[in-house]
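Line order of the protein sequences matches chains S and C. Residue 677 is where the first sequence starts when you use this note's numbering, and the numbers rise one by one after that. Residue 677 is where the second sequence starts when you use this note's numbering, and the numbers rise one by one after that.
Honestly, I wouldn't trust all of these hints.
In this list, chains with the same sequence are indistinguishable; a pair is considered to hold if it fits within one copy or across any two.
[What the hints assert, rightly or not] Only pairs whose alpha carbons sit at most 20 Å apart, straight line, appear in this in silico SDA-like list of lysine to any residue:
| id | residue 1 | residue 2 |
| --- | --- | --- |
| 1 | Lys699 | Ala764 |
| 2 | Lys699 | Arg754 |
| 3 | Lys699 | Arg848 |
| 4 | Lys699 | His765 |
| 5 | Lys699 | His795 |
| 6 | Lys699 | Arg766 |
| 7 | Lys699 | Ala822 |
In short, the hints are calculated from the structure, not lab data.
Number of protein chains: 2
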Amino acid sequence: MSLRHGLLGLIAARPTTGYDLAKSFEASLANVWAAQLSQIYPELGRLHEQGLIRVLGTGPRQKKTYEITDEGLAEVRRWVLDVEPDRAHRNGAMLRTFFLWLVDPAEAEAYLRREAAIHRGNLERFEEMAGREPATPSAPLPVEWAVRYCRELAEWSEWAADRVRDESRAARA
Amino acid sequence: MSLRHGLLGLIAARPTTGYDLAKSFEASLANVWAAQLSQIYPELGRLHEQGLIRVLGTGPRQKKTYEITDEGLAEVRRWVLDVEPDRAHRNGAMLRTFFLWLVDPAEAEAYLRREAAIHRGNLERFEEMAGREPATPSAPLPVEWAVRYCRELAEWSEWAADRVRDESRAARA
Chain S
677 MSLRHGLLGL
687 IAARPTTGYD
697 LAKSFEASLA
707 NVWAAQLSQI
717 YPELGRLHEQ
727 GLIRVLGTGP
737 RQKKTYEITD
747 EGLAEVRRWV
757 LDVEPDRAHR
767 NGAMLRTFFL
777 WLVDPAEAEA
787 YLRREAAIHR
797 GNLERFEEMA
807 GREPATPSAP
817 LPVEWAVRYC
827 RELAEWSEWA
837 ADRVRDESRA
847 ARA
Chain C
677 MSLRHGLLGL
687 IAARPTTGYD
697 LAKSFEASLA
707 NVWAAQLSQI
717 YPELGRLHEQ
727 GLIRVLGTGP
737 RQKKTYEITD
747 EGLAEVRRWV
757 LDVEPDRAHR
767 NGAMLRTFFL
777 WLVDPAEAEA
787 YLRREAAIHR
797 GNLERFEEMA
807 GREPATPSAP
817 LPVEWAVRYC
827 RELAEWSEWA
837 ADRVRDESRA
847 ARA
C-alpha cells in the first residue's frame with residue numbers, strides 16, 4: 677500500500693493535478709519506490725472516492741487540482757509512524773556478484789567498471805537534485821541518502837573491480 | 677527470473693540438497709533478493725526437469741543431492757553477463773522519510789534513531805558473515821557491500837536524526 681501513501685504524502689506537500697503528481701512522483705519517490713505511471717491515476721481515483729483527497733478546483737480542459745483532507749492527513753501520518761516499513765530488499769545487480777567467479781575475470785572486471793560508471797552518473801543526478809526545490813519539506817533527507825548511496829556503490833564497484841583484477845593476476849603468477 | 681538463476685548459481689558453487697540450498701539461500705542471497713522459502717522447492721523441480729541440474733546421489737530418507745550440468749553452467753554464465761540487472765528499487769523505510777515533516781519532530785527523530793539502531797545491528801551481522809565461509813567464491817564482494825551499506829545507512833540515520841532535532845530547535849528559538 678506504499679504507492680497510495682506516497683501519493684497522499686505528495687498531495688499533502690502541495691495541492692496538485694494528476695499530471696503534476698505523476699511528474700513529481702517520477703522525479704522523487706520513484707527513486708526509492710519503483711511503480712508504473714499507469715498505476716497513479718487509478719490510485720488517485722481511489723483516494724478521492726475514499727475522501728482522503730478532494731477537488732480544490734478545476735482548470736482549463738477539466739484538469740482537476742486535488743488537495744488533502746483532514747482524513748487524508750491523519751492516514752498518511754498514521755502510516756509514517758505506525759506501520760513497520762517493508763524491508764524486503766531486491767538488488768538484481770548485487771545478486772549477480774555472487775556468481776561473478778563463474779565468468780572470465782576480465783569480463784567480471786569490465787562488468788564492475790561499467791557498474792561504477794552507472795553509479796557515478798546517478799551520483800551526479802542526485803547531487804543536482806539536492807540543489808533543486810525539494811518534493812516535500814523533508815525530501816532533503818532521502819536525497820542526501822541517495823547521494824551517499826550512489827557514492828558508496830561507485831566506490832564499492834571500483835574496489836570490487838580492483839579485487840577481481842588483483843586476484844586474477846595473483847592466480848596467473 | 678532471478679531466483680531461478682540465484683539457485684542455479686548456488687548449486688554451481690557446490691552440490692547440495694534442497695534443504696541445504698534453502699538454508700544457504702536464506703543466509704546469503706536472501707539479503708539482496710527477498711523470496712519465499714516456499715518458492716525454492718518448485719523452482720528446484722523446474723531446474724531438474726529442464727536438465728540444468730541433475731541428481732548426483734540420494735542419501736538417507738531419499739534426500740537427493742543435486743549438481744549443476746554443463747547446460748546449467750552455461751545458463752547461469754549467460755545470465756551473469758548478458759542480462760541487464762533489474763534496477764527497479766523499493767525501499768519502504770526511505771519512502772517514508774519524504775513525509776517525516778508531517779509528524780511531530782520528536783517522533784521523527786525517535787524514528788530515525790530506531791532506524792540507526794536497526795542498521796547498526798545489521799552491520800554487526802554482516803561483519804560476522806564476512807569472517808565465515810563464503811556462500812560462493814565471489815560472495816566476499818556482496819558481503820563487503822552489505823557491510824558498507826549498513827554502515828552508511830546507520831550514519832545517514834544519525835545525521836538525519838540530528839538534522840530533524842536541530843531544525844526543530846531552531847524553529848522554536
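Hints violated by the structure (numbers, ascending): Violated hints (numbers, rising): 2, 3, 5; every other hint is consistent with the structure.
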